[in-house]
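> One-letter residues, chain by chain:
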Amino acid sequence: MNKSDKLVTNAVGRLVPTMVNGKPAVPFMGVGKYKPEGFRAAPKLASCADYPADGNKVVSSLKEALVKAGLRDGMTISTHHHFRNGDLVATQIFNIAHELGIKDLMWFPSASFPCHEPMTRYLEDGTIHHIEGSMNGALGRFTSEGKMKGLGVLRSHGGRYQAVQDGEVHIDIAVIAAPTADPFGDANGVNGSAACGPLGFALADSQYADKVIVVTDNLVPFPCLPWQINGNYVDFVVVMDKIGIPEKIVSGTTELTKSPDRLLLAEWSAKFCDEAGLIYDGFSFQAGAGGTALSIGIYFSEILRERKWKARFARGGSNKYLVKMLEEGLVEYILDGQTFDLDGVRSMRDNPHHTWTSPFTSYNYHSKGNFSSMVDIVILGATEVDVNFNANVVTHSDGYLLHGIGGWQNTLFGKCVILPVPLFRDRMPVIRDEVTTICGPGELIDVIVTERGIAINPLRTDLIEKMKNSSLPIKTIGQLKDEAEKICGVPAKPKFTDEVVAVVKWVDGTVLDSIWQVKDK
Amino acid sequence: MGVIAKTGNKGKGVRSDCSVTFELTDHGGIQLQVESKVAVMYGDMIRKEALEILDFFGVKNANVTIEDSGAISLVIGARLEASIKKLIPSEKNWLPAMLEENRYTTAKDRNRFSRLYLPGNSPSLMINAGIHKPDGIILDLEDAVAPDKKDEARFLVRNALCGIDFYGAERMVRINQGERGIEDLNYIIPYNVNLILLPKCEKPEQLQAVNEQIRKIHQKHKLINPVWIMPIIESSLGVINAYPIASSAENTVALAIGLEDYTADLGTKRTIEGAESFFARSMVVNAARAAGIQPIDSVFSDVGDMEGLRQNVIRSKALGFDGMGCIHPRQIAVIHESFAPAPDEIDRAKKIVFAFHNAQKQGLGVVSLGTKMIDPPVVKRALNTINLALKMNKLAENWRESYEQI
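Taken in order, these protein sequences are the chains called A and B.
According to this note's numbering, the first sequence is numbered sequentially starting from 1.
According to this note's numbering, the second sequence is numbered sequentially starting from 1001.
What the hints contain is simulated information worked out from the structure, not anything from laboratory work.
Treat the hints with care, since some could be wrong.
[Claimed, not checked] If you only want the chain A side, here are some residues facing chain B, beta carbon under 8 Å, derived:
| no. | residue |
| --- | --- |
| 1 | Asp-261 |
| 2 | Leu-263 |
| 3 | Asp-426 |
| 4 | Pro-491 |
[As the list claims (entries may be wrong)] Straight-line C-alpha distance at most 30 Å; calculated DSS-like pairs for lysine-lysine:
| no. | chain 1 | residue 1 | chain 2 | residue 2 |
| --- | --- | --- | --- | --- |
| 5 | A | Lys-468 | B | Lys-1391 |
| 6 | A | Lys-248 | B | Lys-1037 |
| 7 | B | Lys-1048 | A | Lys-519 |
[What the hints assert, rightly or not] Ranges of calculated distance between the beta carbons of each label pair, as one might list FRET restraints:
| no. | chain 1 | residue 1 | chain 2 | residue 2 | range |
| --- | --- | --- | --- | --- | --- |
| 8 | A | Ser-471 | B | Pro-1377 | 32 to 40 Å |
| 9 | A | Ser-259 | B | Val-1378 | 29 to 37 Å |
| 10 | A | Glu-275 | B | Arg-1400 | 20 to 28 Å |
Predicted, not measured: the structure shown is a model, and the values here were computed from it.
Think of the CB as a built atom: it goes at the ideal place given N, C-alpha and C, for glycine as much as any other residue.
My request is simple: use the sequences and hints to build the entire structure.
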């Protein structure tokens, strides 16, 4: 019996379900085509008369808070991922639910990490029905093998906000781990031993959930400033010994690449931006946390320094390299969604030019505009790209779901989107006839930089014109694909059953693609 | 039964390689196990090609295990052939197709600023080597290969010469010393290697032996492409014999120095300042110049120290060297940049070349700059500098037009 009985072909030619976990779903209609009408979802009215006048909402344990919040079968429980692989809170929620015999919960994390592998146990025993958010590593494998009861739903950071705002997802209980909080529930991520920078991924949760629990290991007397999360939204505050493992929160693993091949990608990407006139005094950029992206920042710095230019703003994920650019005056502002190391946390706390953002300000589809479309240069990664410039970030070429979308889809709206990717990883070609899963439609992806050549999307006639006399090896995407296959051989496609195990949502909430159950070898 | 051959590499950190275990049996046919990181995409292809190779070598009964970490076909082929030949000697070769783009020859006096060493038994470093645009790539069969891996490296290097595109880099192989080195030639000469590096060269006879073997192979395979030789001087005796070595064979194009072995031979240590090798380096430069070939410097081994490398190249250029070995692709750009003509050199060369053209135009036999007469060798060097600057995009093709307007 299929979990999703009716499938239709959407605007990018992919077969997608029209019902997802019992709710109707709209197939992807094209970029900017779907504009639902009506009103934003709203949380229940609260009355301050129901809350302690002294502002003290502290309860003795997470279990007590969950019970008081009315935890019961079938609820949706949300968490954020600012602690990345150092999160000690999310798993505890489900330990408690399991202990209480609660079943069929939906976990709604903003992302999952390898530390969440224990959740597979709760997926198996029925404590958790399914996950909407991201299914990384072991959870992805579990999903791909068809073991999850419901359909997985993958959303971007902006899409998560959208889904909450238009009522697609109703959060029953939000659990917000906060590095510092006061008894009223005001909280921030810039102070405390589990400091992680912003708490923006939990903003929608605080505003829209029926019940909000703030969990901290650093309780300070009111007021907790800055208050990135307002206590006015919060029902209960829980104090624990330890909510996160600092060295895994700010892992410092985001180092410049030493790989000569990746450095070449970085060098060519920066050169491309320069030759195409994308870098100018007052430009803006977003580079991810990968080693290649970081190295591009170093090349940008050289160009800016030499010409005495500044970037008006850079989008984080921030880290020491971006902070260095800010402090050297090469970047005027950092608008930061998440912080990858302690230099980033310190800078956000102390430097008024380094501010936190949330998916609401940066990415939300139901905002009256958002700034993702104002960024000049966006550097992103991908597991696969196809000859139509469609790209994949969630599955690998062997068909397995292994990653989440993060902010990747949202940033595609930047003015020039560049994907520096190797032409093949070991023997796996990155450029394919067709990507395993479409996460971003090709019309939004402008340039693919590989170590054997650079392909410009034919839609970007302006860039093609500018790069006509470039010294860089400009090729067609078809040529790049042929080169990869000449070296690696033509890869066979993974074999799937006809069961959909998860769907990829577009930023507007429509279904962009399906992820299929892998067939046993 | 019970005789097992193993080739290749596996384990953590191994990429683009595979490990083959080959056991001959007396019955039961071919039992082939393939475990691959890319099984979904290439598992069937790996099986098919492995069976073809086993059949090609007439293997009827064997247990074969391939543990693959994403190796491309020509690597798996090399590993399997090497393991088969450990147990079944054969004159036959299972060759990947020779790429059309690998059939180029190189000029005797081409630029040899950088030559990138690639360990001959490490496929992961070979596949992308050419994209970094060294002047030459060296597939090393000598010191970079462990003694027990030297046989299998020959097959890998052979297959790389056939099937890996090095994008115009001069295709070089460093052979082993002595008799093994002469044997190495059989595995590489038929596959359009452009240049042979001859390690620990101490006397001209070593070159003669190499050339004799090359001649035989050329005759047998009816080959005509030139094979250049770059002897490496790595000992005190080699230094003393530098000129006879440099001048003894027509196809010797460069003379290199290897300082690790040389300093060991002297009983001293290699220093950054290099006082201990000043004599040897000067001897090599002098001998090479006397023989009309290129003097090439030793590698700089700290791959993290780009500034140290830059200083080293500047010293090397000042001593008269024309190029240097490198052991990491990131060294290439620094080496090219530092061997390239400096702006003041180019400026001076422009003046001289401009004066030279003027003199020609006016039918004058003597070139002069202001009141100073310019000797022909100075003009020649200036012309070389300009050519080099043009080649390295340091100078616009139409520089003379803009120069005349000044």
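> Does each hint hold? Answer for all of them.
Results of checking the hints against the structure:
1. Asp-261: Holds: closest Cβ of chain B sits about 5 Å from Asp-261 of chain A, inside 8 Å.
2. Leu-263: holds (7 Å)
3. Asp-426: holds (3 Å)
4. Pro-491: holds (4 Å)
5. A:Lys-468 x B:Lys-1391: Given pair Lys-468 of chain A, Lys-1391 of chain B holds - Cα atoms ~21 Å apart, limit 30 Å.
6. A:Lys-248 x B:Lys-1037: holds (28 Å)
7. B:Lys-1048 x A:Lys-519: OK: Lys-1048 of chain B and Lys-519 of chain A at ~22 Å, within 30 Å.
8. A:Ser-471 x B:Pro-1377: 32 to 40 Å: Roughly 34 Å apart at Cβ, these two residues keep to the hinted range, so it holds.
9. A:Ser-259 x B:Val-1378: 29 to 37 Å: Between Ser-259 of chain A and Val-1378 of chain B, where Cβ atoms are some 45 Å apart, the hint is violated.
10. A:Glu-275 x B:Arg-1400: 20 to 28 Å: holds (26 Å)
Violated hints amount to a single one, hint 9; each of the other numbered hints is respected by the structure.
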